[in-house]
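Engineer: Sequence:
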Amino acid sequence: MSTPHRFGTAALVGRPNVGKSTLLNRVLGQKVSITSPKAQTTRTRVVGIYTGPNEQIVLLDTPGHHEAWSPMNRSMVRAAEGALAEVDVVVLLVDLEPAAHQAQADRPVLSVGEEVLLNRVLQEGKPVILALNKADAIHPAWALPVIEAWRAKHDFLAIVPFSARTGLGVETLLAEIRGALPEGPQGYNPELVTDQPERVIVAELIRERLFHHLQRELPYSIAVEIERFDETERESDGKVQIFARILVERTSQRAIVLGKGGSMIKKIGTEARLEINKLLDARAHLELHVTVQPDWTRKPRQLRELGLPDPS
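Note that the working numbering gives residue 11 to position 4 of the sequence shown, counting from 1, and the numbers run on in steps of one.
Just so you know, the hints here were simulated from the structure itself, not pulled from any lab data. Do not rely on the hints blindly, as some may be mistaken.
[What the hints assert, rightly or not] No farther apart than 25 Å at their CA atoms in a straight line, the calculated lysine-lysine pairs in the BS3-like style are these:
(1) K133 x K160
(2) K285 x K246
(3) K285 x K38
(4) K274 x K38
(5) K274 x K285
(6) K246 x K274
(7) K273 x K246
(8) K38 x K267
(9) K285 x K267
(10) K306 x K38
Construct the complete structure from the given sequences, taking the supplied hints into account.
Structural biologist: What follows is the structure, encoded as structure tokens:
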């Protein structure tokens with residue numbers, strides 16, 4: 008008897024910086040969602056499409072669930088929560104390493120933020136898989152009290168320790184997601200790994216380098232717009248011309264992004280271009296310009312133009 012084909016959607020949700028984007032990139036085998044050590048790097052839903060022998064899984068990488076204190080933060084939380092209503096299964100990601108240390112110190116395993124997020128997820132009534140990231144960073148026995156603490160809160164469809172960094176347990180996690188999906192044919196071309204246009208991913212790759220090099224709150228006041236994406240020489244000469252605008256809120260921020268003698272913007276452009284070349288399999292000519300747009304993070308219209316949901 009042949010194995011039935013399954014097709015459906017799964018939302019990757021969790022607190023900021025628990026490895027959602029790293030997991031998505033690991034599953035797809037390429038970067039479609041940017042990562043950085045800083046929390047709240049992902050601002051909008053990123054769609055990844057995994058095609059296996061008997062399944063096609065549409066994975067929604069969502070912004071980290073956090074306290075929404077500004078219009079942009081509210082927009083990010085809305086993007087995350089909006090995904091819950093649209094999917095067949097929710098994958099709730101938790102950072103296993105700090106939770107295990109909490110358990111070893113006989114302190115509460117679940118943070119207040121995790122309790123709030125779990126309650127929000129359960130309101131949708133969807134099956135939930137608990138995915139415990141960074142299983143490679145602790146002794147396996149240390150995971151047991153964490154599993155028990157979460158199991159006491161909800162009867163999860165499955166609890167899977169894994170590592171987005173090394174790939175440990177990822178196949179098991181995919182198998183659990185597959186089992187939660189309805190039977191059905193593929194919904195997308197099997198060669199497709201994301202529904203994001205290349206120019207959107209290019210803007211995100213530039214923003215990723217900004218997150219890596221800029222400190223404190225500055226990365227959260229920055230956006231990237233692709234003003235021109237010229238592919239006329241792509242087939243004939245393997246070249247793509249890209250002109251991008253970096254938005255900041257204050258003149259002082261513009262000076263930091265540019266750096267002394269333009270050193271910072273040059274470094275960011277060089278690193279971003281290498282990533283863009285890999286994405287496009289072409290040689291990118293990248294020009295970056297920094298523009299001051301006062302209080303853009305607080306303007307709903309500006310947020311909508313950047314592809315963020317209405318925060319109101």
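Engineer: Now, for every hint given, state plainly whether the structure supports it.
Structural biologist: Verification of the hints:
For the given pair, K133 sits about 15 Å from K160 by alpha-carbon distance, which is consistent with the 25 Å threshold. The hinted pair formed by K285 and K246 meets the criterion: a straight-line CA distance of about 13 Å does not exceed 25 Å. Of the supplied pair hints, the one linking K285 and K38 holds, its CA atoms being roughly 10 Å apart against a limit of 25 Å. In summary, the hint linking K274 to K38 is supported, as the alpha carbons are separated by about 20 Å, within the 25 Å threshold.
For a cut-off of 25 Å, the pair hint linking K274 to K285 stands: about 17 Å separates their Cα positions. For the hint pairing K246 with K274, the CA-to-CA distance comes to about 21 Å; that is within 25 Å, so the pair holds. The hinted pair formed by K273 and K246 meets the criterion: a straight-line CA distance of about 20 Å does not exceed 25 Å. At most 25 Å may separate the alpha-carbon atoms for a hinted pair to count; K38 and K267 exceed this at roughly 31 Å.
At most 25 Å may separate the alpha-carbon atoms for a hinted pair to count; K285 and K267 exceed this at roughly 29 Å. Restraint check for K306 and K38: not satisfied, since their Cα atoms lie roughly 30 Å apart, outside the 25 Å limit.
The structure fails hints 8, 9 and 10 (numbered hints given earlier, in ascending order).
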